[in-house]
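Protein chains in written order, with the UniProt record's numbering: chain F, 1 to 301; chain S, 1 to 310.
Where hints are given, some of them may not hold.
[Unchecked claim] Some chain S residues judged to face chain F by a derived CB distance under 10 Å, without partners named:
id, residue
1, 184
2, 185
3, 195
[Said to hold, decoys possible] To give an idea of the chain S side of the interface with chain F (calculated C-beta under 10 Å), a few residues:
id, residue
4, 116
5, 182
6, 183
7, 187
8, 192
9, 193
10, 194
11, 196
12, 199
None of these hints come from the bench; they were simulated from the model. The beta carbon of each residue, even a glycine, is placed where N, CA and C say it ideally should be.
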Amino acid sequence: MEKQSQRPAYLAQNEVEINPLNKTQVENLPEVSKEAQHMGSFDPTKTLKTDATTKIDVQHTNFFYGAKQALYDVSLPIRDRQVTALIGPSGCGKSTFLRTLNRMNDLVPGARVEGLANFDGFNIYDPKTDVVLLRQRIGMVFQRANTFPKSIFENVAYGLKVQGKPQNVIKERVEKSLHGAALWDEVKDRLNTSALGLSGGQQQRLCIARALAVEPEVLLMDEPCSALDPIATLKIEEMITELVKDYTIVIVTHNMQQASRVSHFTGFFLSGKLVEVASTADIFEHPHHKETEDYISGRFG
Amino acid sequence: MSAQQQISTSVESDERQRLLSLERLTQRLHLKNNIASGILALITLLGALLFILIVIKVLWDGIPYLINPDFYGSTGTGTVGQQIFNTLYLLILSEIILVPIALAAAIYLVEYARQGPLVTVIHFAAETLAGVPSLVLGLFGYLVFATVLHLGLTRLTGTLTLLCLNFPVALRLFEDALTSVAREQREGGLALGSTKWHMIRTVVLPSSLPGIITGIVLSAGKVIAEAAALIFTMGSSNPSNVYTLNPMISTDNLTIHIWYLKTVGAGTIPDNVANAVSAGSAALLIIILLVINIGSRSIGRLIQRKVMAA
Chain F
1 MEKQSQRPAY LAQNEVEINP LNKTQVENLP EVSKEAQHMG SFDPTKTLKT
51 DATTKIDVQH TNFFYGAKQA LYDVSLPIRD RQVTALIGPS GCGKSTFLRT
101 LNRMNDLVPG ARVEGLANFD GFNIYDPKTD VVLLRQRIGM VFQRANTFPK
151 SIFENVAYGL KVQGKPQNVI KERVEKSLHG AALWDEVKDR LNTSALGLSG
201 GQQQRLCIAR ALAVEPEVLL MDEPCSALDP IATLKIEEMI TELVKDYTIV
251 IVTHNMQQAS RVSHFTGFFL SGKLVEVAST ADIFEHPHHK ETEDYISGRF
301 G
Chain S
1 MSAQQQISTS VESDERQRLL SLERLTQRLH LKNNIASGIL ALITLLGALL
51 FILIVIKVLW DGIPYLINPD FYGSTGTGTV GQQIFNTLYL LILSEIILVP
101 IALAAAIYLV EYARQGPLVT VIHFAAETLA GVPSLVLGLF GYLVFATVLH
151 LGLTRLTGTL TLLCLNFPVA LRLFEDALTS VAREQREGGL ALGSTKWHMI
201 RTVVLPSSLP GIITGIVLSA GKVIAEAAAL IFTMGSSNPS NVYTLNPMIS
251 TDNLTIHIWY LKTVGAGTIP DNVANAVSAG SAALLIIILL VINIGSRSIG
301 RLIQRKVMAA
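Take the sequences, apply the hints, and build the full model.
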C-alpha cells in the first residue's frame, strides 16, 4: 500500500514509470546519446557564428500560386554551416519559401517566383538555372518520409546512380551516409531488404542518408520530425547538430522548442511575410516585433 | 428519505433514461447497417455466382472437345488449329504496337504536358472513341486502312483497327496507373538531382507496374474477343497456310470462326461439328484469357520484387 501510494494513479499495477529526469531506473532505453536525453541540451548558442558567410542570399522574393501571392518581399540570408530555422503558423509560407530554394515549386502548375536568391554567384530563381545541378547541390528532406519502394541500399544509392558513380564509390558512400544519418548500426545487416519495412523514424533518417549521399552543400528540411515520436525526433535533432559541421541546414518547423534546440538563426514568417530574422536566442528572448512575441509565447498560431 | 437523497435518485433515473434511449438509437443504427451490408453482400454474391456459372458452363461444354488432339489440327472440318494461331498472332502483334504507343502517350500526358485545354480535348476524344461500337470502328478501318491506304483485308489492317479500339482504353488505364504514384515519390526522386526522365524510369514506372499490367490484360481480352471490327478488316476465311508471320495475308480468328459457323457458313458443315467447334473455342478463349491474366500478373510481381526488394 505504501509503495503504491507513491506511484502515479494512471500507472497500472506492474507498469514501470518512465520519468525523463530519472533515467537510471529505466532499462532498454532507446539508443539516444547522453546529451540527447536532455531536451534542450544541444545548445546551438555554443556553435553560433554570427559572422558566418552567407551561403544563399535571398533578396526581395515574391512568390505566386497563380493569382494568389504566397510570399511578400522576403529577404533572408542563409548562413554557411549554420542551422537556419523557419517558424510560423500553418500557411504562413515557410514551406513555400523553403521549396523555392531548390526550385521544387517548379512542379506546381501556375507557380511563379520573383526576386533574387544568390547561390555561389548565380540566381536560383533564374529560369536558365539548371535545376538538376541545383538539386544535386541543395538537397531536401520532406515532411513525410518518401522512401522509395526499393531496398535500403538502393534508396541511399539512388542519387549516386543518377550521377553515374562507379559501384565501389556507391558502396562506400552508402555506408558513410548511413553512418551520417545514425542509421548504419540498425540496418547494416539488412541493406538488401525493402526500405518500407523500417519504422517511421528510421525511414526519415534513411531519407536524410539518401540526401547526404550525393554530398550536397545545403540541406533543406521541411518539417522533418512532424510525423515522428519524441525519441525519433531527438535522434534527428541530435543528427542535425552533427551535420551542421559540414552542411548548411535550413529547417522548417512547427515546433518552437525544436527551433530553439537546433538552430542558430530563426526566421519568423506570418501571412507570407518574413516578420523578423535574427539569431535564435535573440528571437526567443528579445523579439523586436509584437507578432513574434505573441507567436513564441503561444498567444496565437 | 431526505431531500438530498430524492434529488440524487431523480438524477440517477434521468441518467438511466438517457442511456436507455441512446441504446435504442444505436440498436436502430446497427439494424440499418446490417440491412445495408446484407443487401450489398447479396448483390455481390449473385453477380459473382452468375459469373462463375457462366465460366463453369462454358468450360463444361467445351472441355470434352478440348481434350481431343484432333481439335487443334488444321485439316478437315471441326478443327481450329489455324484459328488459334491467328488469334495468338493478332494478340502479340497488336500488343507489341499498342503498349509502347499508349504508354508513351500516357507518360507524356501525365508527366510532361502542360495541363490545359489540349490535354482536356485529348481526354475527351479518347473517351468518345472508347464508346464507339466496334462495328463502326471496323467500317472505319475498312475505309481508311484497307481502302485509302491500300492495305486490303489483311492481318495488318485488322491490327491497326484493333489499335483504334484499344488505344483509348489503354491510354486511360496507363494514365491512371501513372497518376496513382504519390507526388511525394516524384519529388523525392527529383530532389536528389535526377532528371525527369530518370525519375519516371526509376520511381514512377516500377510503382505503376500493377496498373500498367491491368491495362495490358484488359486490352488483350479485347483483342482475343473481338470479331465485329475484324470481319470487315481482316476477313473471315483462311489461305492454305496461315502458319506464317506475314502480316499481309487475310485470315480469321477464333471468334470470327465461331460467328462464321453459326451464320454465313451455317449448313456447310454438320450441326454437331459446328456446335463442337463453338463450344470448344469458347472454352479455349476463356482459358487463354485466364493464362494471360495470371501469367502477366506473376511476371509483373517478379519484376516488382526484383526492383523493390519486397
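Query - Hints breached by this structure - result: none
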